[in-house]
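For this one, chain A is given, so just place chain B on it according to the hints.
Chains as they are written, first to last, in this note's numbering: chain A, 1 to 114; chain B, 1 to 111.
These are computed hints drawn from the structure, not numbers from a lab. What you are looking at is a predicted structure, and each value in this text was computed from that prediction instead of being measured. Wrong hints could be hidden among the right ones.
[To be verified] Straight-line C-alpha distance at most 27 Å; calculated BS3-like pairs for lysine-lysine:
1) Lys-42(B) <-> Lys-15(A)
2) Lys-57(A) <-> Lys-15(A)
3) Lys-71(B) <-> Lys-56(B)
4) Lys-11(A) <-> Lys-57(A)
5) Lys-42(B) <-> Lys-11(A)
6) Lys-57(A) <-> Lys-17(A)
7) Lys-42(B) <-> Lys-17(A)
8) Lys-68(B) <-> Lys-56(B)
9) Lys-57(A) <-> Lys-42(B)
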Amino acid sequence: GAGVSQSPSNKVTEKGKDVELRCDPISGHTALYWYRQSLGQGLEFLIYFQGNSAPDKSGLPSDRFSAERTGGSVSTLTIQRTQQEDSAVYLCASSPRQGPYEQYFGPGTRLTVT
Amino acid sequence: GESVGLHLPTLSVQEGDNSIINCAYSNSASDYFIWYKQESGKGPQFIIDIRSNMDKRQGQRVTVLLNKTVKHLSLQIAATQPGDSAVYFCAEFPGAQKLVFGQGTRLTINP
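Only chain A is shown next, with the shape it has when bound in the complex:
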């Protein structure tokens, strides 16, 4: 079946602009996660959703970052007033349920802030 998809695959934006990153999880997966991966680094947790609610937003780096999920499916990560340090690969993952289970990752969106 279809895996996790993300769009766009690449995004170049000017400092100060807002960007929206989209994630389509695997159908039926109730848990959805956003991570950030800087060049040559591991994955940094940002936020997770169970259904449409986000019980844990502790990983969001600043109030410029926000995320929402609608219909228990698609999620959007929004970064306002982008800064150069926001440049990274943003990865989305989904899981059949919350908790200690395998997370299936999408290909990521590479964000470059110039």
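Only chain B this time, still in chain A's reference frame:
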């Protein structure tokens, strides 16, 4: 604090040899662990997982060993192939509904 780290940032092995990638974790409450493989330009791909009530689990050409006494995790890849070249991440689940990832080990296969 929570952290998952890898003993070696890079590992080079000969094609056909076995590879062992190590990982140390710090949270004794972690009850679930995963190994992911990430090829250039792609998202992490699940390899194998293990729960804390086990000390060994085998998959196709891969084995994960868990030593809870010293909080150590390893991934063994048998008869490595060129397609095994990638960055390998371990991740632990210490609760709070999220995985904590290590920094990764780059595995290079020499012909």
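Hint check:
no.: 1; hint: Lys-42(B) <-> Lys-15(A); result: 26 Å, holds
no.: 2; hint: Lys-57(A) <-> Lys-15(A); result: 24 Å, holds
no.: 3; hint: Lys-71(B) <-> Lys-56(B); result: 14 Å, holds
no.: 4; hint: Lys-11(A) <-> Lys-57(A); result: 24 Å, holds
no.: 5; hint: Lys-42(B) <-> Lys-11(A); result: 16 Å, holds
no.: 6; hint: Lys-57(A) <-> Lys-17(A); result: 22 Å, holds
no.: 7; hint: Lys-42(B) <-> Lys-17(A); result: 26 Å, holds
no.: 8; hint: Lys-68(B) <-> Lys-56(B); result: 11 Å, holds
no.: 9; hint: Lys-57(A) <-> Lys-42(B); result: 25 Å, holds
The structure agrees with every numbered hint stated previously.
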